[in-house]
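Next come the chains, spelled out residue by residue.
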Amino acid sequence: MKPAMQRLSIVRLRRQWPVVLLAALLAAGLLAPLASGAATAGFFLEVMLGGLMAGVLYSLVALGFVLIYKASGVFNYAQGAMVLFAALATARMAEHMPLALAVVAALLLMIGFAWLVERLVLRPLVNQSGATLLMATLGISIFLEGFGQAVWGNDIYRIDLGLPKDPMIVGVHLFEGGVLVSREDLVAASVAAALVLMLSLFFQKTATGRALRAVADDHLAAQSIGIPLNRIWVIVWAVAGFVALVAGLVWGSKLGVQFSLSQVALKALPVAILGGLTSIPGAIVGGLIIGVGEKFADVFLGQALAHWFNLEGGGIEQWFAYVLVLGFLLVRPEGLFGERHIDRV
Amino acid sequence: MTFGGIKALVDVSFDVLEHEIRAIIGPNGAGKSSLLNLINGVYAPLAGTISYLGQARTRMHPHEAARLGIARTFQSLALFKGMSVLDNIMTGRTLRMRSGLLAQALYLGPAVREEIENRKRVEAIIEFLEIQAYRRQPVGSLPYGLQKRVDLARALALEPRLLLLDEPMAGMNLEEKQDMCRFVLDVNEEFGTTLVLIEHDMGVVMDISDRVVVLDYGRKIGDGTPDQVRASQEVINAYLGIAH
Chain V
1 MKPAMQRLSI
11 VRLRRQWPVV
21 LLAALLAAGL
31 LAPLASGAAT
41 AGFFLEVMLG
51 GLMAGVLYSL
61 VALGFVLIYK
71 ASGVFNYAQG
81 AMVLFAALAT
91 ARMAEHMPLA
101 LAVVAALLLM
111 IGFAWLVERL
121 VLRPLVNQSG
131 ATLLMATLGI
141 SIFLEGFGQA
151 VWGNDIYRID
161 LGLPKDPMIV
171 GVHLFEGGVL
181 VSREDLVAAS
191 VAAALVLMLS
201 LFFQKTATGR
211 ALRAVADDHL
221 AAQSIGIPLN
231 RIWVIVWAVA
241 GFVALVAGLV
251 WGSKLGVQFS
261 LSQVALKALP
271 VAILGGLTSI
281 PGAIVGGLII
291 GVGEKFADVF
301 LGQALAHWFN
311 LEGGGIEQWF
321 AYVLVLGFLL
331 VRPEGLFGER
341 HIDRV
Chain C
346 MTFGGIKALV
356 DVSFDVLEHE
366 IRAIIGPNGA
376 GKSSLLNLIN
386 GVYAPLAGTI
396 SYLGQARTRM
406 HPHEAARLGI
416 ARTFQSLALF
426 KGMSVLDNIM
436 TGRTLRMRSG
446 LLAQALYLGP
456 AVREEIENRK
466 RVEAIIEFLE
476 IQAYRRQPVG
486 SLPYGLQKRV
496 DLARALALEP
506 RLLLLDEPMA
516 GMNLEEKQDM
526 CRFVLDVNEE
536 FGTTLVLIEH
546 DMGVVMDISD
556 RVVVLDYGRK
566 IGDGTPDQVR
576 ASQEVINAYL
586 GIAH
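If you're matching them up, the sequences are chains V and C in order. Residue 199 in the numbering used here sits at position 199 of the first sequence, and the numbers go up by one each step. Residue 423 in the numbering used here sits at position 78 of the second sequence, and the numbers go up by one each step.
Since the hints were derived computationally from the structure, they do not count as laboratory data. Note that the structure is predicted; figures quoted are calculated from it, not measured.
Derived lysine-lysine pairs resembling DSS-like cross-links, with alpha carbons at most 25 Å apart:
hint	chain 1	residue 1	chain 2	residue 2
1	C	Lys522	C	Lys426
2	V	Lys70	C	Lys426
3	C	Lys465	C	Lys426
4	V	Lys205	V	Lys70
5	V	Lys254	V	Lys165
6	V	Lys205	C	Lys426
7	V	Lys205	C	Lys465
All chains should be built: construct the whole structure from the sequences, respecting the hints.
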């Protein structure tokens with residue numbers, strides 16, 4: 001290595017130290033329970049898996065969020081409400097028809113919703129500031145929650161996807177007692193993974209996907225070659241609605257369809273920010289990090305707090321994601337895979 | 346038209362004939378790019394009309410312009426930087442794609458055939474502009490001169506009747522300029538495309554254009570063949586300044 005290059009890489013490393021520090025801190029937090037003997041290897045893996053499964057669901061919601069942000073620059077606060085709305089619609093309609101039909105009907109509903117949003121909100125507000133559009137989506141989110149309740153009620157409803165509920169135990173000969181794996185979670189994670197794969201194929205391999213990427217890259221240029229922005233927005237919101245529907249189905253079958261679903265789904269916000277807002281892989285990795293991080297914090301950090309400081313140590317799962325993202329933003333404001341903004345002055 | 350009270354273009358009127366190469370020249374801030382933006386619908390004029398193919402309108406919209414066969418390149422490149430050269434040019438074919446979203450998503454026969462058909466057209470353009478070697482590279486990683494060429498390729502993918510070029514040769518070295526000149530002339534001759542171009546290099550302008558419009562401070566101060574324009578006292582004054 002030439003001396004100049006060596007110096008460069010040292011400088012780079014020195015600039016990166018906060019990132020390295022944070023990564024080391026996270027790794028230490030992750031391995032501490034295992035090292036200190038607070039958890040057996042089997043239990044450690046169980047918590048890890050549980051976190052990954054929850055993370056996949058966060059990723060799914062964050063994905064819808066990133067899609068809309070990429071294509072239209074709108075910070076869509078309503079993504080969580082869309083999840084609730086889609087799940088609620090499916091759950092209540094399934095009472096009167098076969099589930100498959102209810103899912104299709106809910107999908108059509110979400111596409112109609114996308115069309116309405118473009119007509120009534122995005123088109124009149126074109127060229128308004130980001131804050132205005134954010135407020136508009138906040139309004140959409142409150143409206144959706146209220147409208148959903150008005151039409152379908154606010155009890156807890158069930159969606160029965162027929163997923164296997166009984167957990168299975170694997171790796172008995174590897175660890176003492178084996179590892180408990182929820183089959184339901186496993187199916188959910190596969191569905192999410194398949195969806196992510198489908199979406200990236202759609203974006204990479206089809207003409208419409210190409211047009212979507214073009215709009216995300218440069219509005220003006222896209223318009224000048226005849227890509228119709230309005231149609232693209234409808235498509236993006238419809239795809240985000242589809243993603244919300246899938247997330248709502250999986251989540252609803254796991255936890256039941258209830259109002260709190262939209263709050264849980266809001267965790268997609270820190271996930272998307274962590275991933276970098278414009279990056280689809282970022283949404284996925286971000287979801288996994290936050291899923292695992294918060295499970296570990298809930299189980300082990302809670303234990304540690306109770307053990308050493310005699311605190312209750314509960315409820316960590318509620319806020320941990322936000323603190324984690326705050327830490328990340330301090331050292332890497334553009335998120336994991338976000339575009340770094342270098343402005344010429 | 347005006348920008349926040351500043352009149353950017355006043356009483357500018359000029360025509361472009363089918364199949365000609367029309368240059369717009371003028372000092373910095375003369376309103377050249379604004380003029381292109383009006384034709385292509387990025388800006389809306391406060392007064393006046395734009396007549397195209399016998400139809401007069403008070404304003405144009407960008408996607409409408411594209412549908413009518415008006416394509417353009419940009420002074421400060423507006424390519425899709427994260428996408429490959431091929432994908433960039435393929436976006437230029439969006440208007441020619443008829444198959445539905447579902448057909449594309451499911452990879453049905455007609456959608457695939459359409460994609461292949463359009464890909465063939467794009468390959469012809471890639472060959473024409475001699476950028477075969479860079480097909481798969483992300484545009485953002487290419488040198489400036491090549492990016493300009495991709496910008497032109499994307500505009501050509503629309504198969505335009507009227508092509509607006511905003512400083513196609515700015516920032517290029519001599520060799521790149523010569524290549525670009527050749528491409529511009531070939532486009533005009535082989536495809537019969539009408540061209541309107543903004544250019545600062547006087548040598549280039551005089552060589553390749555049929556007629557020239559000269560703007561200064563948002564007003565038209567000259568219009569005619571290169572020779573006529575070069576001889577005009579007013580144009581000389583605008584470029585060289587007048588002794589007071």
